Amino acid sequence: MRPRLCTHPPAPLSPNALQSSGHKADRSRSMTMQSSITADTKAHEAATRPASEYFLYAARQSGRSAFALGREFRRLSKAPGKLTLEEYIRYGVYRPEHSDEDRARFVSNKMHWPLVRQINPMTFEDVCEDKFVSSRMFEGSGIPTPHTLAVIDKGPRLYPGLPKVSDDDGLNVLAELVQDGPLFCKEVRGICSFGVLVIDAIDATHVHLRGRGAVTRAAFLSDAVGDAAMLVQRMERIHPALSAWGDTIPTVRVVMTCEEDAVRLPITVIKLPTGDNLADSFWRPGNISCDVDPETGVIRTARRKTELETEHVDTHPTSGTPIIGTQLPGWDALQDLARTAARIHQPLRYQTLDVALTDRGPVLIEINAGGGFDLPQMAMGKGVMTDAFRAFWHRCGLTDL
Numbered sequence: 001m002r003p004r005l006c007t008h009p010p011a012p013l014s015p016n017a018l019q020s021s022g023h024k025a026d027r028s029r030s031m032t033m034q035s036s037i038t039a040d041t042k043a044h045e046a047a048t049r050p051a052s053e054y055f056l057y058a059a060r061q062s063g064r065s066a067f068a069l070g071r072e073f074r075r076l077s078k079a080p081g082k083l084t085l086e087e088y089i090r091y092g093v094y095r096p097e098h099s100d101e102d103r104a105r106f107v108s109n110k111m112h113w114p115l116v117r118q119i120n121p122m123t124f125e126d127v128c129e130d131k132f133v134s135s136r137m138f139e140g141s142g143i144p145t146p147h148t149l150a151v152i153d154k155g156p157r158l159y160p161g162l163p164k165v166s167d168d169d170g171l172n173v174l175a176e177l178v179q180d181g182p183l184f185c186k187e188v189r190g191i192c193s194f195g196v197l198v199i200d201a202i203d204a205t206h207v208h209l210r211g212r213g214a215v216t217r218a219a220f221l222s223d224a225v226g227d228a229a230m231l232v233q234r235m236e237r238i239h240p241a242l243s244a245w246g247d248t249i250p251t252v253r254v255v256m257t258c259e260e261d262a263v264r265l266p267i268t269v270i271k272l273p274t275g276d277n278l279a280d281s282f283w284r285p286g287n288i289s290c291d292v293d294p295e296t297g298v299i300r301t302a303r304r305k306t307e308l309e310t311e312h313v314d315t316h317p318t319s320g321t322p323i324i325g326t327q328l329p330g331w332d333a334l335q336d337l338a339r340t341a342a343r344i345h346q347p348l349r350y351q352t353l354d355v356a357l358t359d360r361g362p363v364l365i366e367i368n369a370g371g372g373f374d375l376p377q378m379a380m381g382k383g384v385m386t387d388a389f390r391a392f393w394h395r396c397g398l399t400d401l
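Residue numbers (my numbering): 1 to 401.
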């Protein structure tokens, strides 16, 4: 779920440039300014289409009859995977190259929480989902994680050891911090990178946001942040081996299964941000999701969303270089980090981690008490329920899968 760090600080802006951009931004945004979280949520929801469009699309793409598609979908919707129609099309399950055995390996994302809550002690969920709590746990464990500098929160909660920014005076703290480089802001209990903000500069009157321009200090607190509590972290820098892909750091989604005898990494997916996207979440237009060999760290597939499905990508749109076959740097260190973090959260038998590939090595962004099945299935172009993955769920007592 979520935020990805941009890397290289922009060239310093002169006071005149800051003031000029601020006036222009005020005019353009005076009627449209809204909470960053609200804006991102609306953009995500807008990607959903009426169900009828998916059937029409599948019939045109596959040459199969609507009757055959409908019969197959009804069977899969009642099978253990319980696919929705949107997923049936989005994952490409309808395509004739899939065998019945292949199709049976796909699992609906709506099954994720019902399954996870049967095997994980969900009292542990808050430890993961509250980013202030989890960041403190990581730092105390010696696990590389972004440096948390402050929290923006207008509510009554306290954040021991961190400055709390709740008014214009508090923004002066951030104004000092941003002198050393851009600041990345994410909601304390956020998901899917909704509402992430990057602060490039703060002057006496404006906060300068990457991708949004200058907003007044008052509008930043009341509108851009709104009622959310946001963690403020120092931006990381992308690993030099990946710098041709741009400045925004990609993260690896690591699926972990934790049992008494072993911690395993059955699935790893890297999310590649493209264009001006501030984060690598797959719902953001143009972003690319890649299946990675969990043993070697070599990229095996590269896909991005189309209107109704996903498509294969050969080269990165920024660098023009091939994606498939890329060896991700620091893979052994990433595996070690993931296993250590998973053991710290050992009560969670199924968990996922987001790990950034930075110039100082793998950095743990967050850990999730679960993790949807949609991202890996779209990245791989096949279902997650391999024989080994299904055996894990069976050992946990869920034998109906």
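Treat the hints loosely; a few may be bogus.
[Said to hold, decoys possible] What follows is a set of in silico ranges between Cβ atoms, one per label pair, in the way DEER data are often shown:
(1) L56 / G211: 29 to 37 Å
(2) T321 / R343: 23 to 31 Å
(3) L158 / R95: 49 to 57 Å
[Unchecked claim] Derived lysine-lysine pairs resembling BS3-like cross-links, with alpha carbons at most 25 Å apart:
(4) K305 / K164
(5) K110 / K82
(6) K154 / K110
(7) K154 / K382
(8) K164 / K78
(9) K164 / K154
(10) K305 / K82
(11) K382 / K82
(12) K382 / K164
Because the hints were derived from the structure by calculation, they are not lab data. Here the structure is a predicted model, which is why all the values come from computation and not from measurement. For each residue, glycine too, the CB sits at the ideal point set by N, CA and C.
Note to self: Between the alpha carbons of K154 and K382, is the straight-line distance 25 Å or under?
What the structure shows: Roughly 45 Å separates the two Cα atoms, so the pair is violated.
Q. Given the hinted pair K154 and K110, is their alpha-carbon gap at most 25 Å?
A. With Cα atoms ~34 Å apart, K154 and K110 exceed 25 Å; violated.
Holds or violated: K164 with K78, Cα cutoff 25 Å?
Between K164 and K78 the Cα gap is close to 50 Å, so the pair fails against 25 Å, i.e. violated.
Item to check | Holds or violated: K305 to K82, with C-alpha atoms at most 25 Å apart | outcome: holds (22 Å)
- Task: Compare the distance between the alpha carbons of K110 and K82 with 25 Å, and conclude whether the hinted pair is satisfied.
- Result: holds (8 Å)
Fill in: Hint consistency between K382 and K164 [alpha-carbon to alpha-carbon, up to 25 Å]
Violated - the C-alpha atoms of K164 and K382 are around 45 Å apart, more than 25 Å.
Range hint 23 to 31 Å (beta carbons of T321 and R343) holds or violated: violated (36 Å)
For a C-alpha distance cap of 25 Å, please report whether K164 and K154 respect it.
Holds, at about 9 Å.
- Task: Could you grab the alpha-carbon distance between K382 and K82 and see if it respects the 25 Å cut-off?
- Result: Holds, because 15 Å separates the two Cα atoms, which is no more than 25 Å.
Check whether the Cα positions of K305 and K164 lie no farther apart than 25 Å.
Measuring from Cα to Cα gives roughly 38 Å; hence the hint is violated.
Checklist line | Distance restraint hint 49 to 57 Å, applied to the beta-carbon atoms of L158 and R95 | finding: holds (53 Å)
**Report entry** Verdict for L56, G211 (Cβ pair) under range 29 to 37 Å
**Finding:** 35 Å Cβ-Cβ, so the 29 to 37 Å window holds.
Checked against the numbered hints given earlier, the structure breaks hints 2, 4, 6, 7, 8 and 12 and satisfies all the rest.
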